[in-house]
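All chains, please: the whole structure from these sequences, using the hints.
As given, the protein sequences belong to chains A and B, one line each in that order.
In terms of my numbering, the first sequence has 61 at position 61, counting the first letter as 1, and numbering is strictly consecutive.
Each position in the second sequence, counted from 1, maps to that position plus 1000 in my numbering.
Treat the hints as calculated values from the structure; they're not laboratory data.
Where a beta carbon is used, it is the ideal one built from N, C-alpha and C, also for glycine.
You can trust all of the hints, since none of them are fake.
Covered stretches of chain B, going by a simulated chain A footprint (3 or more residues, C-beta under 8 Å):
id, segment
1, 1090-1097
2, 1111-1121
3, 1161-1170
Derived DSBU-like pairs: lysine-lysine, alpha-carbon spacing no greater than 30 Å straight-line:
id, chain 1, residue 1, chain 2, residue 2
4, A, Lys214, A, Lys204
5, A, Lys388, B, Lys1144
6, A, Lys474, B, Lys1126
7, B, Lys1166, A, Lys474
8, A, Lys474, A, Lys460
9, A, Lys204, A, Lys286
10, A, Lys286, A, Lys388
11, B, Lys1089, A, Lys388
12, A, Lys214, A, Lys301
13, A, Lys388, A, Lys474
14, A, Lys286, A, Lys214
15, A, Lys460, A, Lys214
16, B, Lys1166, A, Lys388
17, A, Lys286, A, Lys301
18, B, Lys1144, A, Lys474
19, A, Lys474, B, Lys1089
20, A, Lys460, B, Lys1089
21, A, Lys214, A, Lys116
22, B, Lys1089, B, Lys1126
23, B, Lys1144, B, Lys1126
24, A, Lys251, A, Lys58
25, A, Lys301, A, Lys204
26, A, Lys460, A, Lys286
27, B, Lys1166, B, Lys1144
28, B, Lys1144, A, Lys460
29, B, Lys1166, B, Lys1126
30, B, Lys1251, B, Lys1312
Below, a sample of chain B positions facing chain A; criterion: calculated Cβ distance under 8 Å:
id, residue
31, Ala1065
32, Leu1067
33, Pro1086
34, Pro1087
35, Ala1100
36, Phe1102
37, Pro1103
38, Asn1104
39, Leu1105
40, Tyr1145
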Amino acid sequence: MQHASTEKTFARSAEGFLSKLNLDALIARIVLSCILFGLCCFLLAPLWAILVNAVLDKQGSFVGLTNFIIYIQTPALVQSAWNSIWVSLIVVLISVPSAFLFAYALTRSCLPDSVKAIFRIIALIPLLSPSLLSAISFVQWFGNQGLLKPLLSGGSIYGAPGIILAEVYNTFPHALMILVTALSLSDGRLYEAANALGTNAFRKFTTITLPAAKYGLISASTVVFTYVISDFGAPKVIGGNFNVLAVDVFKQVIGQHNFSMGAVVGLLLILPSVISFVIDNVVRRKIRAQLTARSTPFAPKPNRLTDSLMGLYCLIVCTFLLGVIGMALYTSLIKLWPYNLSLTFDHYRFVLFESDIALAYTNSLVMSGITAVSGAMIVFTGAYLIEKTPRLGLMRPVMHFLAVLSMAVPGLVLGLGYIVFFNNPHNPLNFLYQTMTLIVLSTITHYYTSGHLTAVTALKQLDNDFEAVSSSLKVPFYVTFFRVTLPVCLPAILDIARYYFVVAMATLSCVVFIYTPDTILAVIAIMHLDESGEIGPASALACLIVLTSILICLIYSLFTSVMLARTQKWRNLART
Amino acid sequence: MQLTSASQTDKHANVALALEIRGIQKRFESFTALHNIDLSVYQGEMLCLLGPSGCGKTTLLRIIAGLESQNAGHILQGGRDISNLPPAKRDYGIVFQSYALFPNLTIADNVSYGLVNRRVNRQEIKARVQELLTLVGLPTSGNKYPSQLSGGQQQRIALARALATKPGLLLLDEPLSALDALERVRLRGEIRRLQQEVGVTTIMVTHDQEEALSMADRIVVMNHGIIEQIGTPQEIYEQPASPFVADFVGKINVLPAISLGAQRFRTGQLELHCEGCDHPAGTPVNLYLRPEDRLLENVTSQTPNRLNALVKRIEFLGGSCIAEVSCSELADQTLSFHFSLNQMHDYDIRVGQPVALALRASRIRAFAQG
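Here you go:
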């Protein structure tokens, strides 16, 4: 209902412009309205549906805050909220400092560039793997038959320790990327000034380095916290009887069909996301404002002792990270841990051809491919239109808000909203329910923010006057779009497509609510395999996802370098 | 250079109007950027909109281009009302401060950007592009990309692109401000030459008064969204219509004074005669005097408007100097005067030395205070 009326307002404002503006402006507004309408349907409406559900009982009559009161009076549920919070905090405390040290080594040491590049790539591999993978791997290392089980001296990996380990692995690259950016944005002149004043290394670190990285640290912490509190995959596999919010939502909805209670927990889950989202947004703005045009980049000086210490640290971290993915790979290649260690491709054959989930991997490939192509197109078009169309009025802030809002909504909550909203037989969009189309649209919506920001950044680097020049030359805006904007932004668009592909391959939390046996995806299949104890096939499928994503990244960088050389030779040309 | 200003203004009597701006108003929220602007632009002239930042000159240009919409008023181009037309339906070429050259297209493709769309055949386009590149003095750069050219060269390509479709009006938005000082001076002459060669009516926005003085047929001085004065560069410089114009264009000395009537004014213990400026006796005024409007030759105690000046400081500028002087009749007030290097030697003008000079009565302007 709500989005329909919003849509009407847009139509009216577009009509008002008709008299004054030409066809170009009208086309731009129509296309933008379509994208806005899509975001309303696939983001706002499901959220609204959850909100409504939280105040209804099982029969669908209004009960006010009763569900919330029941929630607070259920000790088990309150316990899992507390569990979620403290586990997330511990992950922040481990992941952020260790990523900071790693980022420091990458930006401030004089290790050879090739070594840094290798460290960096290894550290970013967790981005490509579903969060289930690390949990499975830690089960293999430390579980009941784990190789390193004796290290736990009688303790169990299932529960908080496992979740923490798996999430540290999963969040490490997220924190690392933010901190590398924060640390590389430092002004070298400040260090030179400090040196000229005879400042010692420790004081330089506390007075220059840390303050400069402060916002990066805050941003990394909120990102890690939000990731952990809303992640579903790792606690599902390694959580044991240790309950957290994300798993509660799943249990309430799938296990007990209690949508109202699921909605209540879902709303609670949004809360930390929204808070950290706001903090993160404020902080990111400050990071950008920090660096002035006059800053000169910091150039580290070689110091054999600290350089080798930092190198050693990176080596240890990389060993851990490789140990996780390596164990998954090993598990997928042996017959049966720990009884039969002979190498085999059986598990791969099983998940790809023999089992009843043979569809899953192909489904994932198709879904990711479609998401990548259509997602990149939609996101870029939306960003282009709000950046380059003059006099948009309200449409601009509304579009920007929706685009950024999607990041603040945990996938699990969005997925729950999809069941409630699209499963409703009175909804005209009901025909989408249980289709691959809806899965694709949910993934595009869920990961809209990052692509949108990439596109906006690329577009902002274009001269704002291109469109004005074009219209003075009587060239329609879409000609300029295809002749200039699109070619110049092509690297950014490909980057968005690659991002969409990788996240679509690994995403679990949103789609876990809306798949059907026909549209089952690889990640969901992994979850089921793990539930039935088929660790070998589960690992095989997880490794397939990682390998596919690595392959796509390789193709992407090969393609972009060839393409850059071919069609983008205007870049990096020296003056003659 | 012809210095008869009157003839330049009269010259327009039988020249057609290229653009008529009538009562243009523009408000941004509570801020009024333009109050009731009226302006006529003549066929083939180079008009400069000059003013400090925030004076509304760029807003006016963007309204003429259709990139902003006015809240009230009309614009007629060659008699046609274009007030509410979108940019694409108006007839102009535009050059921005940032050049806005398409980075992924070659120079030739940039220049032909507007031609291709008009379905002109390929040979004609090629010939036109070559003609334009030759016109802007870069005949061999057609196959290069914008990033391979210097700022000044890019600016000339932007100009060629804007002229390619033979627009009736050329709009230049601070075209030189992104260039370094030397290049700027060189391009000033270049753009002016091109404009006269092509004969295109041109409106240029600038905050640089030197640029306006050296390039324009007429200058429109703007401040706080109103037009302070319209005139030839010489009129603007010699006969500023308001204290703002006097202050903004060129250097000027300001002396607070009281009118004595009959074109005479008292400042400190000095009584000055100013030709052509009359204020009722007792009016507090400010006297405006350019640094070069002083007499050195044959100054005696009988010379009117004579000063007993003492040189306090000298700023060396190369071929000329600015000397800051104080004089006993004016208490603490100092005045700056402009001398050629030769005059510095001939009249022995040195720090600490007295110098006898007189103010040109015909050049002093008096404006009532407040």
